[in-house]
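I would like the entire structure built from these sequences, with the hints used as guidance.
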Amino acid sequence: MASAIPTFTKIGKVIRLNKHGCTNRPFYHIVVQKTRDNFDGPVIEQVGSYDAMPNSQHEKLVAVNFERVQYWLAQGAGMSNPVAQLLGLSGFLPNHPQTLIQSWKNRREPPRERKLQPIKGIAPPLDNPKI
Amino acid sequence: MFARSSSRIFNVINISCIQSRSARAWVRKPLGSPMAKSKMFRIAPKKFIPADEKAEVKRLYDNYFHQMKSLRQYFFEQSLEQAESGEVAQMKHRLEDEEHIRLMEENRQENEKTAKLREEKLKIQAEKTRENILASLINKEEETRLYEIRIEAFLEKQKATPFIQAENIEKAIEEALANPVDFNFAIDLDGYVYRGRETAIEKIPEEERERLRSN
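Here the protein sequences line up with chains H and S, keeping their order.
Taking this note's numbering, the leading residue of the first sequence gets 1, the next gets one more, and so forth.
Taking this note's numbering, the leading residue of the second sequence gets 132, the next gets one more, and so forth.
Honestly, the hints are just simulated from the structure, not real lab data.
Just to be clear, a hint being listed does not mean it is correct.
Below 20 Å or equal to it, Euclidean Cα-Cα: the simulated PhoX-like pairs (lysine-lysine) are [as the list claims (entries may be wrong)]: (1) 13(H) x 200(S); (2) 120(H) x 105(H); (3) 105(H) x 177(S); (4) 105(H) x 160(S); (5) 170(S) x 160(S); (6) 34(H) x 19(H); (7) 105(H) x 189(S); (8) 105(H) x 178(S).
Stretch-level coverage of chain S by chain H, calculated; a stretch enters the list once three of its residues show a Cβ under 8 Å from a Cβ in chain H [stated by the list, open to error]: (9) 187 to 197; (10) 206 to 215.
Here a beta-carbon is modelled for each residue, glycine too, at the ideal position from N, C-alpha and C.
Listed below in structure tokens is the structure:
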């Protein structure tokens with residue numbers, strides 16, 4: 001879908017996350033877009049992806065094309081906060097302050113209680129005679 | 132598709148109030164819609180951040196932005212360097228140099244050609260100027276000769292005229308006194324001219340009569 005804004009105006013570029021998952025399965029593309037385009041809108045370039053759901057090894061996988069990110073930063077493109085945090089964690093850029101602030105909060109506050117407590121260890125024997 | 136688009140803020144129909152059993156896309160409440168009744172008297176707790184923490188956060192953000200600024204500058208310089216040192220850029224440089232050399236050669240040839248032409252032109256011009264000068268010199272000589280001739284003739288004429296000299300001034304005066312000249316004259320209606328004091332036609336003989344004639 002083409003942008004409704006006329007192309008002759010100079011619009012800033014931004015690197016941000018576009019959601020490409022489905023219900024309960026977040027997955028993001030790291031893309032370069034014009035500031036006023038949304039996730040339906042045209043994407044200039046995809047520079048990476050971010051799988052926000054931990055896999056079996058409890059890893060959130062991020063793939064970034066650092067050369068292109070560097071190119072776009074040199075061109076004067078902006079960055080959304082999540083992308084800045086990801087790049088900071090990856091060691092490409094300095095750590096975003098939000099990361100540090102979040103870590104303080106997590107350390108300070110007690111861990112949230114889960115609604116469903118996972119049962120660890122060996123399952124107890126079934127005592128229902130009907131089964 | 133339109134659900135999260137900002138243009139939906141300005142719709143006037145409160146779609147969220149229309150009931151439907153089917154799954155419906157999330158739609159923003161229209162501008163100016165009232166606060167929910169259940170939230171009417173709710174006071175949200177104010178966020179409190181201690182002063183030292185606030186200062187620390189500010190310091191972190193300042194540092195981060197400074198670092199990002201210099202990093203951006205560095206990236207920009209890197210990109211410039213890459214543009215200079217790339218294979219394509221070097222090829223471009225070489226082509227430009229070749230073009231420059233070719234153009235300089237062409238310029239030199241053109242200069243030589245024009246120099247030759249100019250030399251010829253100047254030679255012709257010098258010849259012409261020499262001829263002109265010679266012609267003007269001859270002309271001048273002729274003119275001076277003619278002038279001298281005219282001067283001589285004039286002097287001859289002057290010398291020929293009988294001027295009254297200092298030696299014979301007495302004689303001239305006496306002569307003038309002896310021969311008075313009368314310039315007076317009269318004309319009658321018939322056109323006869325009477326010189327001097329004689330104004331009677333009978334006194335003048337027939338042959339000496341002078342008459343003005345009109346056509």
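Query raised in the report: How does the coverage statement for the segment 206 to 215 of chain S fare against chain H, requiring three or more residues with Cβ below 8 Å from a Cβ of that chain?
Result: holds (count 4)
Query raised in the report: Quick one, are residue 105(H) and residue 177(S) close enough, alpha carbons at most 20 Å?
Result: holds, 17 Å
Query - 8 Å C-beta criterion, at least three residues: is the segment 187 to 197 of chain S covered by chain H - result: holds (count 5)
Query raised in the report: Are the Cα positions of residue 34(H) and residue 19(H) separated by 20 Å at most?
Result: holds, 16 Å
Query raised in the report: For the pair supplied as a hint, residue 120(H) and residue 105(H), is the alpha-carbon distance within the 20 Å limit?
Result: violated, 28 Å
Requested in this report: Could you grab the alpha-carbon distance between residue 13(H) and residue 200(S) and see if it respects the 20 Å cut-off?
Outcome: Judged against 20 Å, a Cα distance of about 16 Å means the pair holds.
Query raised in the report: Can the restraint linking residue 105(H) and residue 160(S) be considered satisfied, given a maximum Cα separation of 20 Å?
Result: violated, 33 Å
Query raised in the report: Is residue 105(H) within 20 Å of residue 178(S), Cα to Cα?
Result: The given pair, whose Cα atoms are some 14 Å apart, holds under the 20 Å limit.
Query - Agreement of residue 105(H) and residue 189(S) with the hint, judged by alpha carbon distance not exceeding 20 Å - result: The given pair, whose Cα atoms are some 16 Å apart, holds under the 20 Å limit.
Query raised in the report: Is residue 170(S) close enough to residue 160(S), meaning Cα to Cα at most 20 Å?
Result: holds, 15 Å
In this structure, the earlier hints numbered 2 and 4 are contradicted, and the remaining ones agree with it.
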